[in-house]
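Novice: Letter by letter, the chains look like this.
There are 2 protein chains.
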Amino acid sequence: MSQTNRQILLVSRPQGPATPDNFRLVETPLAALEAGQVRVRNHYLSLDPYMRGRMNDAKSYAPPQPLNEVMLGGTVGEVVESTHRDFAVGDKVVGMFGWQEYGTSNGEGLHKVDDTHVPLSAYLGAVGMPGVTGWYGLNRIIGPKPGQTVVVSAASGAVGSVVGQLAKLAGCRAVGIAGGAEKCRYVVETLGFDACVDYKAGNLYADLKAATPQGVDGYFENVGGAVFDATLARMNPFGRIALCGMIARYDGAPTPLGHPELMLTQRLLVQGFIVTEHLDVWPEALRELGTLVAQKKLHYRESIAQGLERAPEAFIGLLKGQNFGKQLVKLI
Amino acid sequence: MSQTNRQILLVSRPQGPATPDNFRLVETPLAALEAGQVRVRNHYLSLDPYMRGRMNDAKSYAPPQPLNEVMLGGTVGEVVESTHRDFAVGDKVVGMFGWQEYGTSNGEGLHKVDDTHVPLSAYLGAVGMPGVTGWYGLNRIIGPKPGQTVVVSAASGAVGSVVGQLAKLAGCRAVGIAGGAEKCRYVVETLGFDACVDYKAGNLYADLKAATPQGVDGYFENVGGAVFDATLARMNPFGRIALCGMIARYDGAPTPLGHPELMLTQRLLVQGFIVTEHLDVWPEALRELGTLVAQKKLHYRESIAQGLERAPEAFIGLLKGQNFGKQLVKLI
Numbered sequence: 001m002s003q004t005n006r007q008i009l010l011v012s013r014p015q016g017p018a019t020p021d022n023f024r025l026v027e028t029p030l031a032a033l034e035a036g037q038v039r040v041r042n043h044y045l046s047l048d049p050y051m052r053g054r055m056n057d058a059k060s061y062a063p064p065q066p067l068n069e070v071m072l073g074g075t076v077g078e079v080v081e082s083t084h085r086d087f088a089v090g091d092k093v094v095g096m097f098g099w100q101e102y103g104t105s106n107g108e109g110l111h112k113v114d115d116t117h118v119p120l121s122a123y124l125g126a127v128g129m130p131g132v133t134g135w136y137g138l139n140r141i142i143g144p145k146p147g148q149t150v151v152v153s154a155a156s157g158a159v160g161s162v163v164g165q166l167a168k169l170a171g172c173r174a175v176g177i178a179g180g181a182e183k184c185r186y187v188v189e190t191l192g193f194d195a196c197v198d199y200k201a202g203n204l205y206a207d208l209k210a211a212t213p214q215g216v217d218g219y220f221e222n223v224g225g226a227v228f229d230a231t232l233a234r235m236n237p238f239g240r241i242a243l244c245g246m247i248a249r250y251d252g253a254p255t256p257l258g259h260p261e262l263m264l265t266q267r268l269l270v271q272g273f274i275v276t277e278h279l280d281v282w283p284e285a286l287r288e289l290g291t292l293v294a295q296k297k298l299h300y301r302e303s304i305a306q307g308l309e310r311a312p313e314a315f316i317g318l319l320k321g322q323n324f325g326k327q328l329v330k331l332i
Numbered sequence: 001m002s003q004t005n006r007q008i009l010l011v012s013r014p015q016g017p018a019t020p021d022n023f024r025l026v027e028t029p030l031a032a033l034e035a036g037q038v039r040v041r042n043h044y045l046s047l048d049p050y051m052r053g054r055m056n057d058a059k060s061y062a063p064p065q066p067l068n069e070v071m072l073g074g075t076v077g078e079v080v081e082s083t084h085r086d087f088a089v090g091d092k093v094v095g096m097f098g099w100q101e102y103g104t105s106n107g108e109g110l111h112k113v114d115d116t117h118v119p120l121s122a123y124l125g126a127v128g129m130p131g132v133t134g135w136y137g138l139n140r141i142i143g144p145k146p147g148q149t150v151v152v153s154a155a156s157g158a159v160g161s162v163v164g165q166l167a168k169l170a171g172c173r174a175v176g177i178a179g180g181a182e183k184c185r186y187v188v189e190t191l192g193f194d195a196c197v198d199y200k201a202g203n204l205y206a207d208l209k210a211a212t213p214q215g216v217d218g219y220f221e222n223v224g225g226a227v228f229d230a231t232l233a234r235m236n237p238f239g240r241i242a243l244c245g246m247i248a249r250y251d252g253a254p255t256p257l258g259h260p261e262l263m264l265t266q267r268l269l270v271q272g273f274i275v276t277e278h279l280d281v282w283p284e285a286l287r288e289l290g291t292l293v294a295q296k297k298l299h300y301r302e303s304i305a306q307g308l309e310r311a312p313e314a315f316i317g318l319l320k321g322q323n324f325g326k327q328l329v330k331l332i
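Protein sequences appear in the order of chains P and U. Take the first sequence: its position 320, counting from 1, is numbered 320 in full-length UniProt numbering, and each next residue is one higher. Take the second sequence: its position 230, counting from 1, is numbered 230 in full-length UniProt numbering, and each next residue is one higher.
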């Protein structure tokens with residue numbers, strides 16, 4: 001049988017914000033499997049802010065996404081054909097097949113997962129890269145202590161929601177920053193944060209000050225820009241900042257930091273990190289996160305776009321904060 | 001006998017740059033010693049950038065200098081009268097008597113020093129607070145490894161000169177940033193740095209790039225502002241920044257950081273610190289620094305103003321970078 005794969009390629013680099021015409025949907029025939037290969041029908045594609053950085057041809061922590069190739073990205077799916085001894089048809093797997101419906105691999109970087117107690121899509125969110133990102137920044141950089149105040153931006157998102165819930169479990173006051181009253185309500189009522197500041201309400205610093213009466217000891221930074229400035233001004237002496245995302249910057253003009261001297265006067269530690277450079281913590285983090293999700297102690301929310309063709313639009317929406325929870329594309 | 005003490009008080013807070021009329025010289029009679037006290041004739045007063053921060057009535061890591069009191073500051077001198085069992089006339093001591101010719105104390109915070117092999121004034125510089133500051137930032141934050149490149153700003157100053165020389169002793173490429181060709185020549189020819197960039201020459205980034213062909217692994221930040229921005233743009237992945245001074249900010253308008261996202265994309269560690277909060281390292285650091293000075297392996301230079309009345313002018317010059325090496329006032 002000759003099957004067709006649908007793929008989305010990056011065909012041009014954005015000048016300013018990403019636009020739909022930076023992408024192109026193509027159909028390609030699937031070649032027959034070679035020996036030792038495995039073919040996966042992807043069920044979900046993960047959309048993440050880091051992808052915007054890869055679209056630029058700029059010096060960063062990772063090489064740029066090549067033009068006219070399938071956009072990179074994490075996927076979960078099911079093995080539909082295999083000549084690889086470690087994978088059988090029906091196995092559920094997580095991998096990095098990118099923006100396409102089928103992936104073919106020699107097995108490298110492909111991991112079997114168990115969706116008995118944890119939904120398959122969660123392996124792209126709370127029990128995947130975003131979850132481990134939150135776990136690492138909180139536990140290995142911030143090091144939360146009971147009674148401390150931890151603030152996280154993009155609090156309703158895939159990373160932020162994990163950070164705040166883990167901070168609560170560690171005995172901290174968890175304060176989120178999110179865009180809009182609906183997201184803030186979700187952060188407090190469903191995720192159980194102590195407070196959430198709506199940065200779109202126009203009183204960011206005053207509202208954050210009110211939500212952090214004891215100042216801020218740990219800050220997990222997902223966005224940069226004005227939110228970074230405001231939180232820096234609330235940091236307590238010896239505060240610790242895990243710098244994970246600068247989404248405010250990916251798509252627009254430079255956003256300077258207004259008061260870098262606060263890092264000195266408050267003797268702050270700031271540590272930028274990329275979770276894929278800390279693979280040693282993944283097994284421990286995934287075990288803990290998987291258990292918490294299975295026990296319903298760790299909640300998450302998903303924004304699901306239906307169909308590969310919707311991926312560009314959903315991705316552009318993500319960069320504008322239009323998603324609500326982990327942004328996925330359902331491919332099946 | 002009734003002696004007179006000369007003192008300089010802070011009488012007003014600066015609006016913008018510090019000016020001579022923020023200070024006032026007064027003469028006060030010295031009271032007779034009480035039991036358990038020690039009187040010191042100060043030989044040298046240390047002038048340091050941190051004092052500018054204390055002149056403001058602003059939230060910082062330390063309380064503001066009170067108005068109409070003697071300006072704070074480190075001093076070295078000789079005991080001239082003592083009813084304290086641990087101090088005898090003729091002892092050389094280092095303390096925090098501030099901007100005055102005589103200091104009277106119950107002995108707290110006063111330390112005897114040996115000027116046989118180390119000049120007395122060095123206890124305010126390379127073998128004092130500035131030296132320990134350089135030692136701490138380099139050894140405990142940057143953690144230099146042989147072959148790495150370490151950059152330090154204000155490189156000819158009391159802190160910077162120690163940082164670069166210790167980095168050389170650790171097997172690193174040491175690159176200084178200083179203001180003016182004369183300072184840069186001194187940094188390379190006398191202190192033994194591998195290179196020095198003159199930030200006043202107008203090509204800061206290009207010159208720094210040429211001086212750091214392998215990028216920058218460790219950065220000891222003494223000044224902030226444009227120098228911070230330029231060096232941040234040269235940082236290698238996993239670079240480490242010891243944030244010690246923001247002198248560019250003390251006296252003027254806010255200086256934003258243009259590209260804070262580099263802390264993320266290069267996965268940098270930035271740590272602000274104040275050396276007086278790390279008293280545990282002082283004995284080890286002072287032992288090492290004292291040995292290096294006595295062995296003539298650690299060089300330093302002093303700018304000496306003669307007479308207490310010159311202190312305000314010398315201090316204002318220090319904030320403008322007009323000093324060349326450790327700024328002292330000779331009081332005797």
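Don't take each hint at face value.
Now the stretches of chain P that chain U is said to cover, found in silico as 3 or more residues with beta-carbon under 8 Å [as the list claims (entries may be wrong)]: (1) 170-180; (2) 197-206; (3) 273-282.
Take a look, some chain P residues computed to stay more than 12 Å from chain U by CB distance [claimed, not checked]: (4) F87; (5) G103; (6) G225; (7) L257; (8) H259.
Don't read these hints as lab results, they were simulated from the structure. Cβ atoms here follow ideal geometry from the backbone N, Cα and C, with glycine treated the same way.
Novice: If a hint holds in the structure, say so; if it does not, say that too.
Specialist: Comparing the hints with the structure gives:
1. 170-180: It is violated, with 0 qualifying residues against the three required.
2. 197-206: violated (count 0)
3. 273-282: Since 3 is at least three, the answer is holds.
4. F87: About 33 Å separates F87 (chain P) from the closest Cβ of chain U, which puts it past 12 Å; holds.
5. G103: Holds: least Cβ distance 28 Å, greater than 12 Å.
6. G225: violated (9 Å)
7. L257: It is violated; L257 (chain P) is separated from chain U by about 4 Å at its closest Cβ, not greater than 12 Å.
8. H259: Violated, since 7 Å does not exceed 12 Å.
The structure does not agree with the numbered hints 1, 2, 6, 7 and 8 stated previously, though it agrees with the rest.
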